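Enquirer: Listed below are the residues making up each chain.
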Amino acid sequence: MRQQLVLRVVVVLTLVLGVNYIAWRWLESVNWSAWWIAVPLVIAETYSLVDVALFGTTMWRARRRDDPPPPPRDLTVDVFVTTYNEPVELVMRTAEAARDIAYPHRTWVLDDGSRPELAAAARAAGVGYIERSEDWTDRPRHAKAGNLNNALFATEGEFLLILDADQIPEPEILDRVLGYFADPGVALVQTPQFFTNVTGADPLGSQAPLFYGPIQQGKDGWNAAFFCGSNAVLRRDALMQLGLVGYVRETERSVREALHASRRLLARAQRSAPDAEQAAVLHEVQQAAARALAALDAGEPLSDVTYGFQREVDAISAQVVARDVASIQDDLAAIAALPIARDDEIGAVVVDEPALARLADREWSPLGAIESVQALVRAVDVDRSSEAQAVMPVATLSVTEDMATAMRLHALGWRTVYHHESLAHGLAPEDLGTMMTQRLRWAQGTMQVMLKENPLGVRGLKVGQKLMYFATMWSYLSGFAALVYLAAPIIFLCFGVLPVTAWTVDFFARFIPFFLASQLLFLVAARGVKTWRGQQYALALFPVWIKAVWTAVANVWFGRPLGFAVTPKVRPDGSPSQWRLVWPQLLAMGLLVVAALIGIVRQSMGLAWWVGTAVNLVWVVYDLVVLSVVVQALRYRGFTGPEATPPASARRRGIA
Amino acid sequence: MELTTDQREGVAVLHVTGRLTMAAAGELKAAVDREVAAGRTLVVVDLGDTAFLDSSGLGALVGGLRSARAAGGDLRIARVGAQVRTVLELTTMDRVLRPYADVEDAVGDRR
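Which chain is which? The protein sequence lines are H and R, in order. Counted the way our numbering counts, the first sequence spans residues -9 to 646. Counted the way our numbering counts, the second sequence spans residues 1336 to 1446.
By construction, these hints were calculated from the structure, which means they are not laboratory data. Note that the coordinates shown come from a computational prediction; the quantities given were computed from them, not determined experimentally. Among the clues, some could well be false.
What the hints assert, rightly or not - Here are a few chain R residues that face chain H, going by a calculated C-beta distance under 7 Å:
no.	residue
1	Thr1426
2	Thr1427
3	Arg1430
What the hints assert, rightly or not - Okay, the calculated bits of chain H under chain R, using three or more residues with CB under 8 Å as the criterion:
no.	segment
4	262 to 269
5	322 to 328
6	347 to 358
7	596 to 607
Built from N, CA and C at the ideal position, the CB exists for glycine as well.
Given these sequences and hints, build the entire structure.
Expert: In structure tokens form, the structure reads like this:
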């Protein structure tokens, strides 16, 4: 309790000092004559203040939970081991450990690679094996989310423990966490992810002790503990509710979109219609679409609206057929009246009711000739035929299914729990390339969710929950700020361009207290876990963060593919091109060193002002120390040492 | 739909490629009228590459038949596919527009 009080004091102190500094920066010290660097810098600094404020908010209610009650004896549990292309031995090691979990359960290997050898190994080990059903052929597969959704309809346990292929569970994992579900409002319990193949120095920054610790506990305090995709137990009911609500919402959204888009498309088609009759038909369809949209707005049930619309289109189609047939009959009568007789049987032509109906139905309808109408009719339906399953419990809107799923659970009023005890241990990537691919994927997934379902606008979330989701998304924008923080000292040292009007006492008196307070905040919040590696990578991976934002924007707004890659779990052989992966960082380091030398020369020639040079040299040194982690990572040759152990706070506590 | 025309003495052969539907009906009817007006009153519509026919397309064929007959000629169809044949049979229109096996049969069968 006292610790929490100290933390809150530091949070308030940091924010007061931060606002004091940033306000002065905006109002008094932007060097407008060099606005092209001054404005980006002050924006980057504001970004950082907001980041610190969100971190402070996260820590404000950090919650360390007591042990849950022991679980009831009669729950049914499915344990899912998800795999795509990991080696069979690796998957089976996890599957066997999952099978040996103490609490009664059934174990399933969810093989997205449909490998016969894995199926055989699973059978031999006495665990279930699930691959995608035929429904998924030629439909969007949705990666891991799709894999889980497929398995949800092939199993029936009330609770699901989800494990990545390389996350080996402890036998007591279920006994330790199922007790939380005695609260019927709890949908998810997340435990930490800890990696054993990591040295103490952790050159690739694999462990996330700040996240799987203070940050998750902070989010937990706001009832916003995140789902992280593995080492978590979920309540099936909650997921199914999510699937059903999502189905209704998705369907209504796609129907609405189709109807909206149709107004424009049909108007265009009317203008380019080859004749007045077709234009009139299009106009009628347009009217039907407008009526359907109005009915939706009036709150009429989706099924009624779509059914009504389909019937209207069918009626229009029948009218067209009737008109065609009438004109055919006219023509036939005119032909029969001609003086020249033929041997044909004009009088015998009878177009009866079944024939009319057949000509008007969806398959042969003359409306089908008009592409815009055909597409509209397909879209305004409730069968979601473009998806393998109408109901998708695990969110599919992002390449990382976990964050979006948890956010939707929270929006429906469910509670989540972060249980700070390491109950499964995994393997982290052992080379820079794999690590960067993984980080890129997480960042892309997070940005996709932010762009598609911005938490600040999600109905059903409490303010605190919105902020917790937003905080994580916000932190992924750091790449742009990093770019400015790298550029500003280089520009000053090389060209003497000042982004700040003066590095005077005014500056130091405001900046240094804020800087120290925010460092103190990290120190207090971290409660002894090492966070420096994380801080380094937050800046040093700036090209990854920028790429993630850029590709996510291109994907969400312009429909481009993300270039999504699955993280390999084994080290790829020989990787001479690792240097190329981090060329922007190496270039930045080179530029910083050159800039420092130029700055010193300019200073010695009396071209620069000594305080400015000194400040910027310190700044350059800081940037270089941060970026140096990339060099360490490049020199890292994989893990050889003894297995790592979790931080003291997350050690296994044994069965209570 | 794509429409190509072979013209001979008194005969026009129209090759219809693609879907003979509402969107294409007007074009076909106009082409038949044009050929008939130019004196090629025996019009053979080659449906060998026609994948699909709807009621409007059928209307265009009968409309063309009327123009040709009124000018003392005829309109014949050749090489019909499965879907087109089904539509013709369903509407009993095959009794009026009798499908010929190939274009030469249709041209050669001069009344």
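Enquirer: So, for every hint listed, does it hold in this structure?
Expert: The hints, checked one at a time:
The beta carbon of Thr1426(R) is positioned within 7 Å of a beta carbon in chain H (closest approach about 5 Å), and the interface hint is therefore held. For Thr1427(R), the suggested interface contact is upheld, since its CB lies about 5 Å from the closest CB of chain H, less than 7 Å. Given hint, Arg1430(R) at the interface with chain H, holds; its Cβ is 4 Å from that chain's nearest Cβ, closer than 7 Å. With 3 residues having a beta carbon nearer than 8 Å to a beta carbon of chain R, the segment 262 to 269 of chain H meets the requirement of three or more and the stated coverage holds.
Here's how the segment 322 to 328 of chain H fares: 4 of its residues keep a CB closer than 8 Å to some CB of chain R, so the rule of at least three is met and the hint holds. For the segment 347 to 358 of chain H, the stated coverage by chain R holds: 8 residues have a C-beta nearer than 8 Å to a C-beta of that chain, and at least 3 were required. Counting residues of the segment 596 to 607 of chain H whose beta carbon lies closer than 8 Å to any beta carbon of chain R gives 0, which falls below the threshold of three, so the coverage claim is violated.
Figure legend: structure checked against the earlier numbered hints; the only hint not met is number 7.
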